[in-house]
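There are 2 protein chains.
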Amino acid sequence: MADQKENKKLVAEITSMDEDFTQWYTDVVVKAGLISYSNIKGFMVIKPAGYAIWELIQKHLDQRFKDTGVQNVYLPMFIPESLLQKEKDHVEGFAPEVAWVTQGGLEKLSERYCVRPTSETLFCDYYKGEIHSYKDLPQVCNQWCSVVRWEKETRPFLRSREFLWQEGHTAHATMEDAEERTKQMLQVYSDFCEEDLALPTIKGQKTEKEKFAGAESTYTIEALMHDGRALQSGTSHNFGDGFAKAFGIQYTGQDNKLHYVYQTSWGMTTRIIGALIMVHGDNSGLVLPPKIAPTQVMVIPIQQRKEGVLDAAYDIAARLKDYRVKTDDSDRSPGYKFADQEMRGIPVRIEIGPKDLEAGKCVLVRRDTREKIECAIDDVAAKVGELLPQIQADMLAKARKHLADHTFAATSKEEFTEAFKETKGFVKAMWCGCRECEEKIKEELNVTSRCIPFEQENLSGNCVYCGKPATKMVYWGRAY
Amino acid sequence: MADQKENKKLVAEITSMDEDFTQWYTDVVVKAGLISYSNIKGFMVIKPAGYAIWELIQKHLDQRFKDTGVQNVYLPMFIPESLLQKEKDHVEGFAPEVAWVTQGGLEKLSERYCVRPTSETLFCDYYKGEIHSYKDLPQVCNQWCSVVRWEKETRPFLRSREFLWQEGHTAHATMEDAEERTKQMLQVYSDFCEEDLALPTIKGQKTEKEKFAGAESTYTIEALMHDGRALQSGTSHNFGDGFAKAFGIQYTGQDNKLHYVYQTSWGMTTRIIGALIMVHGDNSGLVLPPKIAPTQVMVIPIQQRKEGVLDAAYDIAARLKDYRVKTDDSDRSPGYKFADQEMRGIPVRIEIGPKDLEAGKCVLVRRDTREKIECAIDDVAAKVGELLPQIQADMLAKARKHLADHTFAATSKEEFTEAFKETKGFVKAMWCGCRECEEKIKEELNVTSRCIPFEQENLSGNCVYCGKPATKMVYWGRAY
Numbered sequence: 000m001a002d003q004k005e006n007k008k009l010v011a012e013i014t015s016m017d018e019d020f021t022q023w024y025t026d027v028v029v030k031a032g033l034i035s036y037s038n039i040k041g042f043m044v045i046k047p048a049g050y051a052i053w054e055l056i057q058k059h060l061d062q063r064f065k066d067t068g069v070q071n072v073y074l075p076m077f078i079p080e081s082l083l084q085k086e087k088d089h090v091e092g093f094a095p096e097v098a099w100v101t102q103g104g105l106e107k108l109s110e111r112y113c114v115r116p117t118s119e120t121l122f123c124d125y126y127k128g129e130i131h132s133y134k135d136l137p138q139v140c141n142q143w144c145s146v147v148r149w150e151k152e153t154r155p156f157l158r159s160r161e162f163l164w165q166e167g168h169t170a171h172a173t174m175e176d177a178e179e180r181t182k183q184m185l186q187v188y189s190d191f192c193e194e195d196l197a198l199p200t201i202k203g204q205k206t207e208k209e210k211f212a213g214a215e216s217t218y219t220i221e222a223l224m225h226d227g228r229a230l231q232s233g234t235s236h237n238f239g240d241g242f243a244k245a246f247g248i249q250y251t252g253q254d255n256k257l258h259y260v261y262q263t264s265w266g267m268t269t270r271i272i273g274a275l276i277m278v279h280g281d282n283s284g285l286v287l288p289p290k291i292a293p294t295q296v297m298v299i300p301i302q303q304r305k306e307g308v309l310d311a312a313y314d315i316a317a318r319l320k321d322y323r324v325k326t327d328d329s330d331r332s333p334g335y336k337f338a339d340q341e342m343r344g345i346p347v348r349i350e351i352g353p354k355d356l357e358a359g360k361c362v363l364v365r366r367d368t369r370e371k372i373e374c375a376i377d378d379v380a381a382k383v384g385e386l387l388p389q390i391q392a393d394m395l396a397k398a399r400k401h402l403a404d405h406t407f408a409a410t411s412k413e414e415f416t417e418a419f420k421e422t423k424g425f426v427k428a429m430w431c432g433c434r435e436c437e438e439k440i441k442e443e444l445n446v447t448s449r450c451i452p453f454e455q456e457n458l459s460g461n462c463v464y465c466g467k468p469a470t471k472m473v474y475w476g477r478a479y
Numbered sequence: 000m001a002d003q004k005e006n007k008k009l010v011a012e013i014t015s016m017d018e019d020f021t022q023w024y025t026d027v028v029v030k031a032g033l034i035s036y037s038n039i040k041g042f043m044v045i046k047p048a049g050y051a052i053w054e055l056i057q058k059h060l061d062q063r064f065k066d067t068g069v070q071n072v073y074l075p076m077f078i079p080e081s082l083l084q085k086e087k088d089h090v091e092g093f094a095p096e097v098a099w100v101t102q103g104g105l106e107k108l109s110e111r112y113c114v115r116p117t118s119e120t121l122f123c124d125y126y127k128g129e130i131h132s133y134k135d136l137p138q139v140c141n142q143w144c145s146v147v148r149w150e151k152e153t154r155p156f157l158r159s160r161e162f163l164w165q166e167g168h169t170a171h172a173t174m175e176d177a178e179e180r181t182k183q184m185l186q187v188y189s190d191f192c193e194e195d196l197a198l199p200t201i202k203g204q205k206t207e208k209e210k211f212a213g214a215e216s217t218y219t220i221e222a223l224m225h226d227g228r229a230l231q232s233g234t235s236h237n238f239g240d241g242f243a244k245a246f247g248i249q250y251t252g253q254d255n256k257l258h259y260v261y262q263t264s265w266g267m268t269t270r271i272i273g274a275l276i277m278v279h280g281d282n283s284g285l286v287l288p289p290k291i292a293p294t295q296v297m298v299i300p301i302q303q304r305k306e307g308v309l310d311a312a313y314d315i316a317a318r319l320k321d322y323r324v325k326t327d328d329s330d331r332s333p334g335y336k337f338a339d340q341e342m343r344g345i346p347v348r349i350e351i352g353p354k355d356l357e358a359g360k361c362v363l364v365r366r367d368t369r370e371k372i373e374c375a376i377d378d379v380a381a382k383v384g385e386l387l388p389q390i391q392a393d394m395l396a397k398a399r400k401h402l403a404d405h406t407f408a409a410t411s412k413e414e415f416t417e418a419f420k421e422t423k424g425f426v427k428a429m430w431c432g433c434r435e436c437e438e439k440i441k442e443e444l445n446v447t448s449r450c451i452p453f454e455q456e457n458l459s460g461n462c463v464y465c466g467k468p469a470t471k472m473v474y475w476g477r478a479y
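From first to last, the protein sequence lines stand for chains A and B. Going letter by letter, the first sequence gives residues 0 to 479 in numbering that gives the first Met the number 0. Going letter by letter, the second sequence gives residues 0 to 479 in numbering that gives the first Met the number 0.
Treat the hints loosely; a few may be bogus.
Heads up, the list lumps identical chains together, so a pair's fine if it works in one copy or across two of them.
Unchecked claim - In silico lysine to any residue, SDA-like type, Cα no more than 20 Å apart, as pairs: (1) K134 x R331; (2) K467 x E12; (3) K320 x A396; (4) K107 x K151; (5) K107 x E80; (6) K325 x G68; (7) K58 x E373; (8) K290 x Q183; (9) K320 x G68; (10) K134 x D393; (11) K202 x V139; (12) K439 x T294; (13) K151 x L108; (14) K151 x P353; (15) K107 x E150; (16) K127 x D190.
These are computed hints drawn from the structure, not numbers from a lab. All values reported here derive from a predicted model rather than from experimental measurement.
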């Protein structure tokens, strides 16, 4: 009885997602030990359970980058105001939301520095010194760091005044090379999300209105959360030669003439952890895909004081040494341990009690489906080896189904308006391509264009808002 | 002839270390492609070749941390002024050298934030919320991040206004536990330096004068550079309950009473890359120990246009897939490639030309000793497998010999003064333990106490400076 009470209390601490999705999200990030709020408004502490997920994200993504020839570097965290101002669109986009350093030690700075909100200007300054000849191209660098943007409303992982990310910055001899790299990195993000995070996304291009400050074109992957809202999950920008002209980055070509370089940048942030939570989580807490789960298997002994049980639990863990496995040998009740393992989203738990031990068996429980699987102790390593990829695949399939089930098409203004009465998911609709329609849609329906998907469909000949001839199909949605 | 000229030009770009050690150092960090100066005074760009070393340092050190139960976290980069001021000694030590943020977006901040110079105050604020019961102890966290200290004189890696580091912060139930962790982490640093970086160090305690702002005791590892100067390479601090009292961090013990926690912190920075350069480097550039070398083997084809040579080079590289290997197939001359590989400190190069190929052989050249070893192509993997650990061991032995040969003892003021007429290395001498002598020694001889080594010797009964009874033997030196 004590078990059950303790268990209930732990689970009761999470608000149901159907009741209040926002509160459910906050409960999960805190109760699963991912973050704690700091006393500095808009800044959070990423706790061990949260940071361990980020470390695995870094490991997988960094390897994918390196496989395409990316090299890591580290650039200064401060940008002098005059440097930030060199590219007109870029400074307009970022200046209102940066933090300014005005004093260093005891000296008042003659020029303000901003804490980097992103590092295009610093990379331009660096590349200008590195690039002289066509032999110096391409430059394909990335940095893992933190950045600061002075957001008004903040939420853990989704929007905070400081966040962790990677930002890749490249320079190329031609516009074609730059475009190829821009799309290549979007594909890297998309593959990473599908294959490692079990997150399906929509790949496409941002509209002129939504593109990055200073970019010629911005590509994006958009994910759909459990509550029907969209989350921009990674972006890749082609700058053309705009920054190169602003910063004077030129190289001598094989033709012995000076040419401007063409640049790209691309980034993914800790907000992707928010996507993991909101796509896979349930009313018991986190559900982590095995590839990104800091602990993949938790062995939980039942009646652990009975002879042999604890040793059997350790033995099972030892058999699973090729996986990220832990044994919960604390003095909490099994009920509490189950609830805790579920809250933390550990993909598999293994229960082992006196009766199991006697029969030479144990019970595997999947976090995603709660399916229970009996297994001979001798077979446990082989079974876990099958189960983890199965869970990974099933989680992706489930998320894909959710995305498909919550993507709608609208061919008239009425349908479009009706579809957004509630936030059910993406709505595909034709668009004339004019900014005015996009702005009015946002104003009237509180809906933004998420992307012009690479996979176009011809739903009708006319813009869903103004009725004029359509040029593109667009994914619309309400976004985080 | 063209080869030789090109080669000479490349090597000639490095000043000889005997002529001007400072310029040699600057030449190496730039020519080996480790850093480039940024346009922001005191800030540098860590380029791919430099950052790849840091990534390997992180990998090795992080694993050693995790083996002792350390968990990684991430805390905010800003500290409100009121938080920084909570511990009196700490704020006195750091306030004069921090960068201040006074504006966030368009709003002027009501309270200044400093960019973290170190995060003791933030960890205290965090731990105060996490620690309630003895069951919440110990807390053993670490973060990898960048910090800012407004240094006046800066040099790449050794002293810069921003640097990368790790900072561990722990909280314990007792002073004994804190002391044990403090010393444990010093040992981790010492083992890491010896075993991974081939850097021997002296382990000991800092004097009261030299200890960290706010610490009860500071332990340090001190390395000796090629020019006889010391470099503080890693420090570990025991704070006792000083911070806990300043921040009110208490837990309920098993005795049901409230107790203050005892805390530690410990850090190692990118300055350790400076130590690698200045201990192992020579007049041809960097010499990297194999465990930390981003590229361990460079295969260089000779007369690569001759049939079969380039394929043989690729074949050799393929045989070495278990190592970090590259093939220099650029259109540079072999002489240039040799000089470049030496400059970058790659531990082994493999030369393969038409005659070698005919004989089924290749030539391995050690970077550290320049020894040439003929080897059948079929045996190349086995030979490299033997050679890399041998180079690692030999580099440590050589550095140990340098440390021993440049450590002197002085038992009188005259000997002590004489020993520091030039900067030859460490001088061991007895000390009375009073701060006044330490300050006068610094003033008169421009020499600081590096540490009170754990391995004490009784050189004489009297303080080398004042002649009063001695309490400790101290390592003295001129330091970076």
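These are the hints, each one checked on the structure:
For the homomeric pair K134 and R331, the shortest alpha-carbon distance between copies (12 Å) is at most 20 Å, but the shortest distance inside one copy (63 Å) is not. Neither within a single protomer nor between protomers do K467 and E12 lie at most 20 Å apart by alpha-carbon distance, with minima of 52 Å and 67 Å respectively. Taking identical chains as interchangeable, the C-alpha atoms of K320 and A396 are never at most 20 Å apart, the minima being 28 Å within one chain and 36 Å between chains. Taking the shortest Cα distances, K107 and K151 sit within 20 Å of each other only across copies (14 Å), while inside one copy they are farther apart (28 Å).
Taking the closest pair of Cα atoms, K107 and E80 come within 20 Å of each other both inside a single copy (15 Å) and across two copies (17 Å). When the C-alpha separation of K325 and G68 is checked against a cutoff of 20 Å, the pair qualifies only between copies, where the shortest distance is 13 Å, while the shortest distance within a copy is 36 Å. Proximity of K58 and E373 under a CA criterion of 20 Å is satisfied in neither setting, with 33 Å inside one chain copy and 39 Å between copies. With identical chains, the CA atoms of K290 and Q183 are never at most 20 Å apart, being 23 Å at best within one copy and 33 Å at best between copies.
Taking the shortest alpha-carbon separations for K320 and G68, only the inter-copy value of 17 Å comes in at or below 20 Å, while the best intra-copy value is 32 Å. Within a single copy, K134 and D393 get their C-alpha atoms no closer than 47 Å, and across copies no closer than 38 Å, so neither meets the 20 Å cut-off. Proximity of K202 and V139 under a CA criterion of 20 Å is satisfied in neither setting, with 22 Å inside one chain copy and 41 Å between copies. In the homo-oligomer, the alpha carbons of K439 and T294 never lie at most 20 Å apart, since the shortest distance is 47 Å inside one protomer and 56 Å across protomers.
Taking the closest pair of Cα atoms, K151 and L108 come within 20 Å of each other only across two copies (13 Å); inside a single copy the shortest separation is 27 Å, beyond that limit. In the homo-oligomer, the alpha carbons of K151 and P353 never lie at most 20 Å apart, since the shortest distance is 55 Å inside one protomer and 68 Å across protomers. With identical chains, the CA atoms of K107 and E150 are at most 20 Å apart between copies only, with a shortest distance of 14 Å across copies and 26 Å within one. For the identical chains of this complex, K127 and D190 are neighbours neither inside a copy (32 Å) nor across copies (41 Å), given an alpha-carbon limit of 20 Å.
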